[in-house]
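The letter at position 40 of the sequence shown is residue 155 when you use my numbering, and the numbering goes up by one with no holes.
None of these hints come from the bench; they were simulated from the model.
By construction, the Cβ of each residue, glycine as well, lies at the ideal position given by its N, Cα and C atoms.
One thing to keep in mind: the hints can contain errors.
To be verified - Have a look at the derived ranges for each label pair, beta carbon to beta carbon:
1) Asp678 - Asp546: 34 to 42 Å
2) Ala1165 - Ser1067: 34 to 42 Å
3) Gln830 - Ser1067: 53 to 61 Å
4) Pro170 - Thr473: 34 to 42 Å
5) Pro170 - Asp546: 57 to 65 Å
6) Asp780 - Asn843: 30 to 38 Å
7) Thr1079 - Met844: 56 to 64 Å
8) Pro170 - Asp678: 47 to 55 Å
9) Asn925 - Ser985: 28 to 36 Å
Stated by the list, open to error - Below, in silico cross-link-like pairs of lysine-lysine (BS3-like), each with a Cα-Cα straight-line distance of 27 Å or less:
10) Lys164 - Lys152
11) Lys227 - Lys186
12) Lys202 - Lys227
13) Lys186 - Lys164
14) Lys202 - Lys164
15) Lys152 - Lys227
16) Lys186 - Lys152
17) Lys186 - Lys202
18) Lys152 - Lys202
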Amino acid sequence: MPPLTRQRTPQSLHSEWSRSSLGATISIHALAKPLMKVMYHRAVLDLIKRQQGIPLSAETMQIYEGYLGSKYVAETTKTFILGEILKRALVEAQAHVISDFLGSYDIQLDSKNVVVRRCTTDILARLAFHSSTCGAVIAVQPCARLTALLGDGNVDVVEGACHALSQIARDLDGARAVVEAGALDFIPELLESTNVAVRKWTTLILAHLAFDSSTWGAVVAIQPCARLTALLGDGNVDVVEGACHALSQIAHDLDGARAVVEAGALDFIPELLKSTNVAVRKWTTSILGKVAFDSSTWGAVVAIQPSTQLVALLRDDNVDVVEAACYALSQIACDLDGARAVVEAGALEFIPELLESTNVAVQQWTTSILGKVAFHSSTREAVVAIQLSTRLVALLGDNNVDIVEGACYALSQIACDLYGARAVVEAGVLDFIPELLESTNVAVRKSTSWLLAQLAFDLWTQGAVVAIQPCARLIALLGNGNVDVVEGACYALAHISHDLDGARAVVGAGALDFIPELLESTSVEVRRWASCIVAGLGFHSLTRRAVVAIQPSTQLVALLRDDNVDVVEGACYALSQITRDLDSARAVVEAGVPKFIPKLLESTNVAVRHWTSRIVAELGLHSLTRRAVVAIQPSTRLVALLGDSNGDIVEGACYALARISRDLDGARAVMQAGALDFIPELLESTKVAVRKWTSWLLAQLAFDSSTRGAVVAIQPSTQLVALLRDSNMDVVEGACYALSKISWDLDGARAVVEAGALDFIPELLESTNVAVRKWTSWLLAQLAFDLSTRGAVVAIQPSTQLVALLRDGNVDVVEGACYALSKISWDLDGARAVVEAGVLDFIPELLESTNVAVRKWTSWLLAQLAFDLSTQGAVVAIQPSTQLVALLRDGNVGVVEGVCYALSQIACDLDGARAVVEAGVLDFIPELLESTDVAVRERTSWLLAQLAFDSSTRGAVVAIQPSTQLVALLRDSNMDVVEGACYALARISRDLDGARAVVEAGALDFIPELLESTNVAVRKSTSWLLAQLAFDLSTRGAVVAIQPTTRLVALLRDSNVDVVEGACYALSQIARDLDGATAVVEAGTLDLVAELIESPQADVRRSFFW
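Work the whole structure out from these sequences, hints included.
Structure follows, in structure tokens:
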């Protein structure tokens, strides 16, 4: 019946008390409240007495619930009820009944009675202790009220609340609820409580909360380690045990382990390991194991030298302590110094007995100790020496997967030693492999695969592995439903794939059909070793295409964000191998690999750094993927790798940096990252590839003016020149390339010459290596570019060899030869030598080349040869104008620019000018003047000027009416274009119609500004333009109208004699007009007469008399 409601009874003056009635049924109208409480109390005591020895029923709990919810029941009575419930809660079966009525007890947490509150917390603790009823406790959400009780004024209540919360926290949901309720805010104060039990239960709260990763962070955040460490010296062993337990759980994570170490907990370890309390010894060894798990805190454990004490615990009477000691020793042995300490402490003497233990965990961690100690080459011999292979092989038949896996791990590490591998094989392990791979036991199949993998890795036992033909069985296991089995099979296949024959066998057996699914596995190890299978197969050219065909890039890139570093390593390894294929490289970029590069280059894992640098290098090799690499700014990280102790990593970093530096932004970033500091040492490396890629790196950095100076500053020329005699042709090629780029800088070019590079040129130009011939030509071109080194180039007379290269079968070599000849021709003697070497015989064919650069540099070569009067006639004689004009419609602006330049120089010759006009060049002028290329506009202006110079071609120029376009160029942002336009307009104005057209085009509007230009040539050309316009009566008035005389007179003081000459000439023509003459006088010309007449410059004196 519902709580505290009575059955209907006959009306009477007095209520009848019936022992058969349920709950409180006495009429409140008949008795006073005090008497009611007494009667209820007696009823409760009687009920409890009658229920002794009888399992608690739901009906009885319903009665208790009614009393607990009544305000007429005394607190003392409720205490008796709660005490009975608490006693009953000890039995899990009866706890189930109690848990159905939890709402009543939750209410009692708010009671004003201390004992009631305490009993309620104890009941909740008991119920939370049982896993079957803990969920019911959590469901009523008591944590907030329990947390509030942590601040209760009564220490017993606080103790009860701590106890309840510690039990609730054993459940994951409960732990989260405890944290969300804010219990951790009270921890610091509770840990310092004077009450032993409070300290004890508080430590357990922390231990249980720190057990799970979802609440571990909240525990670490309140920084409890210092207080917990202080409790390690507590006088109460239960408190010490709780503190050890809590610290052990906190140390499960790296940050927690560090906090434990920083708090000084390790100072207590030696004494705690001697404790008479089993749990203290157990949790202390657990602390050691967890703190030693990570390399950053491992050293602190080793520093206190616990190995001897831990080894002593291997003979402890309590198997949990032995297990924990084995675990700690296995973790300490992860590092070389720790492994040595474990061996020196005599741990190996206990191994045979421990391997025979009936405790699974002891056997597991014992095999782990063996595996970790055998992992290090310096301690592996000690493991091999005790000859445990037979015992370990015997464990391969164990039904426990952890034992089999542990035995396989130990055997796999022992097999890293040549004698160990032989011992393992001699122990008969391979006899078990076929049967074990087919075992119905999952762990056996998995462990056997791992063991097989390690034996297949060693060359001495590889044949024995192949002989038992395991590939078919291993590949069959890839389709197994158990992930552990798949994991082991992947591991074995990955190692087998390292060998070419093994790789062929893996592909032939159909392993690639499973790769897509394996790379998506939820198992860390499956993903890791599946990546390694791809890498192993991608390494061999004969199997690489088969790998690329299954398109694994997207999946591999996804694995770069994997939480497990081994998986990341495997993915990097695989990507570095498949990116050697261009199509695959594109796929890798599209899959998003560049964004992962920076983080990967900073990995603490050596292999990850190594393979990542190779990925960058391979992607940087292809122009279509290089920009994507530069965009992620990997230079600083790659430069750091140049100091790596691993030669392969240094090579990969050099290679990657060289490729990245082909991009301008990439080159700047590489230089700013400090790469040049490593260059001198790298050029002296004993590793061929390092010397080669360092040379290429220098070349790329010297390619752009913004980074070239920094390269020149480290003075690498002597070292590079020395490499020109290197026995490896790739190194010679790289040195030539670097020197050619350094020579773009004037100081660099001088340094290259001084280092003796020219002594090697004749031989290099005859090299059988195409690239060497190419870069030697470019080196000559750059050295001939500047006047200070051009003479040295001309002096070695390379023209004949360069001209011979114009017929080279490789177009890049032809391009380099054209470029070099064009630069050598800047020198008068050089130009003559080039012509004498017969270069002009090749011009017609070169101008028709399908190579853009060849057409461009041939045009420039013609321009330079036509520049000087002594070779100009020879150029005009081969009649190149028609071909050059045809190239004005070339799709490459560089070619068009070169052609304009060549035509402008040829037009300096009268016959050349006529030939240019007859070839139809004027048809292209309007379009060329509108070009978006600055140089084209400039060269076109100069071409017009040359054609307008002579009366025989001037009319043709005027006829195409270029004045409007030329005048528009007077506002061009590039001063060279403005100069060219001024010059052209001045020449056109020598024709009367041309002068009128120039005026009508509005040229005079620009005169005031042009006369004040900071550009000398502009001021000069503007003066000559004014002079030509003032020459004829029909345009003279327009010139006088803009009143230029004041500015022209000011130019008579110009520091440049050509400007003074032009100003004199202009004033002389303006003065032919009466108003003009008056303006010239008023502007103060006569004040400068004496000075001009006495000018040391004949042109000035002549111009004045005009």
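Here is what the structure says about each hint:
Separation of Asp678 from Asp546 is about 39 Å and conforms to the stated range, judged on CB atoms against 34 to 42 Å. Hint check: Ala1165 to Ser1067, Cβ distance near 37 Å, so the stated range 34 to 42 Å holds. For Gln830 paired with Ser1067, a C-beta distance near 56 Å keeps the hint of 53 to 61 Å intact. Taking 34 to 42 Å as the suggested C-beta distance range, the pair Pro170 and Thr473 conforms, at roughly 37 Å.
Taking 57 to 65 Å as the suggested C-beta distance range, the pair Pro170 and Asp546 conforms, at roughly 59 Å. The supplied range of 30 to 38 Å is met by Asp780 and Asn843, whose beta-carbon atoms lie about 31 Å from each other. Between Thr1079 and Met844 the CB atoms are about 58 Å apart, so this pair conforms to the stated range of 56 to 64 Å. One distance hint, 47 to 55 Å for the beta-carbon pair Pro170 and Asp678, holds here, with the actual separation near 50 Å.
A beta carbon spacing of about 33 Å between Asn925 and Ser985 agrees with the range 28 to 36 Å that was offered as a hint. Distance hint between Lys164 and Lys152 is fulfilled; the C-alpha atoms sit about 18 Å from each other, no more than 27 Å. At most 27 Å may separate the alpha-carbon atoms for a hinted pair to count; Lys227 and Lys186 meet this at roughly 12 Å. Proximity of Lys202 to Lys227 is assessed by CA-CA distance (about 22 Å); at most 27 Å being required, the pair is judged to hold.
Between Lys186 and Lys164, the direct Cα distance comes to roughly 23 Å. Compliance with the 27 Å bound is thereby established for this hinted pair. About 13 Å separates the Cα atoms of Lys202 and Lys164, which keeps this hinted pair within 27 Å; it holds. Only pairs whose Cα atoms come within 27 Å are accepted, and Lys152 paired with Lys227 is accepted, the gap being roughly 17 Å. A threshold of 27 Å between alpha carbons decides the hint, and for Lys186 with Lys152 the separation of about 10 Å falls inside it, so the pair holds.
Between Lys186 and Lys202, the direct Cα distance comes to roughly 24 Å. Compliance with the 27 Å bound is thereby established for this hinted pair. Taking the CA atoms of Lys152 and Lys202, the gap is about 23 Å. The hint holds against a cut of 27 Å.
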